[in-house]
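Peer 1: In case you want the letters, here they are:
2 protein chains.
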Amino acid sequence: MNSRRDFLQKITASAIAFTVFPHTGVAGKEATERPYDGPVLRVAIMGLGSYGTRVAEAMQSCKKAKLVGVISGTPSKIKDWQQKYNIPEKNCYNYENFDKIKDNPDIDAVYVITPNALHHPQVIRVAKAGKHVICEKPMALNAKEGQEMVGACKKANVKLLVGYRMHFEPHTLEVIRMRNAGEFGKILFFQGLCGFRIGDPTQWRLNRQLAGGGSLMDIGIYALNGARYMIGEDPVWVTAQETKTDHQKFKEGVDETIQFQLGFPGGAVASCLSTYSMNNLDKFFLNGEKGFAEMQPSTGYGPIKGRTNKGELKQPIVVHQTLQMEEMAGIILEGKQPVVPVDGEEGVRDLKVMDAIYEAAKSGKKIALKL
Amino acid sequence: MNSRRDFLQKITASAIAFTVFPHTGVAGKEATERPYDGPVLRVAIMGLGSYGTRVAEAMQSCKKAKLVGVISGTPSKIKDWQQKYNIPEKNCYNYENFDKIKDNPDIDAVYVITPNALHHPQVIRVAKAGKHVICEKPMALNAKEGQEMVGACKKANVKLLVGYRMHFEPHTLEVIRMRNAGEFGKILFFQGLCGFRIGDPTQWRLNRQLAGGGSLMDIGIYALNGARYMIGEDPVWVTAQETKTDHQKFKEGVDETIQFQLGFPGGAVASCLSTYSMNNLDKFFLNGEKGFAEMQPSTGYGPIKGRTNKGELKQPIVVHQTLQMEEMAGIILEGKQPVVPVDGEEGVRDLKVMDAIYEAAKSGKKIALKL
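Here the protein sequences line up with chains X and G, keeping their order.
Take 1 as the starting number for the first sequence in our numbering and just add one per residue.
Take 1001 as the starting number for the second sequence in our numbering and just add one per residue.
Worth flagging that the hints you see were computed from the coordinates, not collected in a lab.
Keep in mind that a hint or two might mislead.
[Stated by the list, open to error] Simulated crosslink set (DSS-like; lysine-lysine; CA at most 30 Å straight-line):
hint, chain 1, residue 1, chain 2, residue 2
1, G, Lys-1370, X, Lys-365
2, X, Lys-244, G, Lys-1310
3, G, Lys-1365, X, Lys-362
4, X, Lys-366, G, Lys-1310
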């Protein structure tokens, strides 16, 4: 056994129990000493790229979730992961044979972390194999695909969750708590600026076939989803404008920069920016009649920083993916209910807005929405 | 003579000379001791409301500009001002008789600080009376009116300036200097959030007849103008969305909240918010390939605060209206050229964008612009 990993796992699990879930009544010291003996979600990761690696590392500190399998098209990566994470040969699959996971009683769930365009067929195959699915954002390329995935998981009686790590992030949840408690008054405005300067032009994110789109699919979805969870309503209209300055790098169907605006039933409006051509834009601003919240970074891997009209936000700093997997294990294994949904239906709502943004950008029209 | 006023005038004038115009080579101490004996712009203020009062107070610290006359419809206000500012009876006018200012050799210029809808006829009357005109923002209700005002002033051979106080503000000018020096790289994005929660529903700003519009005319114009001077280009397209939550307070033709987006020839985009229903929104954000500038407050009366990728902006804190009147006197009397234009043509450019924003909000269409 890897003692360093066990050590980290122990202390981080207790840190989470102590700082993030104080309501459990588990005191820090006591938790460290008491080994976890509850149910564990045994997870296979599909797609061993950089984000898959990040999730795998973060899961080493989970108590309720454990990396037990891999699915990859690259045999050398599988070997590396087997060695690093003690994964038995029988839990390793490739993209041709992973339907056989159906017959593997040692895997409970598959976390799909592949290029966007592959999510739809892969999630449906995992569902048909009878395993729970966690799927990275965006869940699919459009709402129709998303709906089919939700349907397939329902039919197979497996849970479908979307990798909304921010829905568990403590600063974010504190802002949502304050909003729900009326501390900002009536919500009037949300601004989300999300973007980065994308590098290597040959990566899958810039390949229409694999990415399905451009910045909006990849990073703009944080502003879109953020508008919904920060305002706490679903938008009723959307307008959008696309700007492309580099037609070489951003080919047909791959959006470089999209501005979009959302209108909400309560009268609030949102103004968002999604871009692949600006350095590290990661800012949220929520404005109400009585107060505000500012977050920057707002959705990066952390630490998230922010302040409200009442002062600096001082929530615990967590590893997003550790907390996400811990909580998702709780949802799948214990039927826990998150404050902000992370299920397939939530993913479909984002996709409906995303569809409307692309339609608005193309047509120049204001698109009415009913989520 | 009012010795306190003279004292303040002396020290502030020298402070401006020393801190804001170091290139004049006038040392602080020397300037304090050497009385100003250059030309002075003798100004009458038209409209003695709260902003007129602010300008009058600020002008007490000017060396090149002096308040010498008033134009008002309220005799009691005229009396108060006469007493307070030592204004002779012969320099006092009302809205019926102010054309007679033509025959008054002791007034050089009139600063029009009246409700928006009145600017057009009043500026034209002042021009016909042969006096230079400074006109508050927005210069007029639309570009057509603005163009007529520019034409009238040209014909009368008088100067027409618009009250763009930010065009002289040191933090703002430093950001413009850095941008021009390439310190932010290629400019990609500007965001301007400008608004406040408007109070008294009976004020002229909420009266369509006097205001000509709503928040966009009054406060949104700062974001519009800011987008132009921060990016350093004129927009080529505009889109806009209007939202009204309070139809009682914001009647037909008086906009409560407008979001607008601008596209620029160099590929930059701007995302702006103009509102009468949110508390003190006063934020600018300029983003380039290599750096950024953030300002908050960005256009309020000050002190302006900001930071760039190189650190906090630490320009001198000035009284905006003092500096503006000092510089405008220099423009009118000495032909000085400001870094960012403040003439009538500049005002018309803003009005063309404003016209397009209203058109875009109404039609839902992207409006092409050529300024």
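Peer 1: Are the hints correct? Go through all of them and say.
Peer 2: Hints and how they fare:
Under the criterion of a C-alpha separation no larger than 30 Å, the hint pairing G/Lys-1370 with X/Lys-365 is consistent with the structure, at around 22 Å. Taken as a hint, the X/Lys-244 and G/Lys-1310 pair is honoured in the structure, with Cα atoms around 28 Å apart against an allowance of 30 Å. Distance hint between G/Lys-1365 and X/Lys-362 is fulfilled; the C-alpha atoms sit about 12 Å from each other, no more than 30 Å. Our distance criterion of 30 Å between C-alpha atoms is broken by X/Lys-366 and G/Lys-1310, whose separation comes to about 40 Å.
When each numbered hint is compared with the structure, a violation occurs for hint 4 only.
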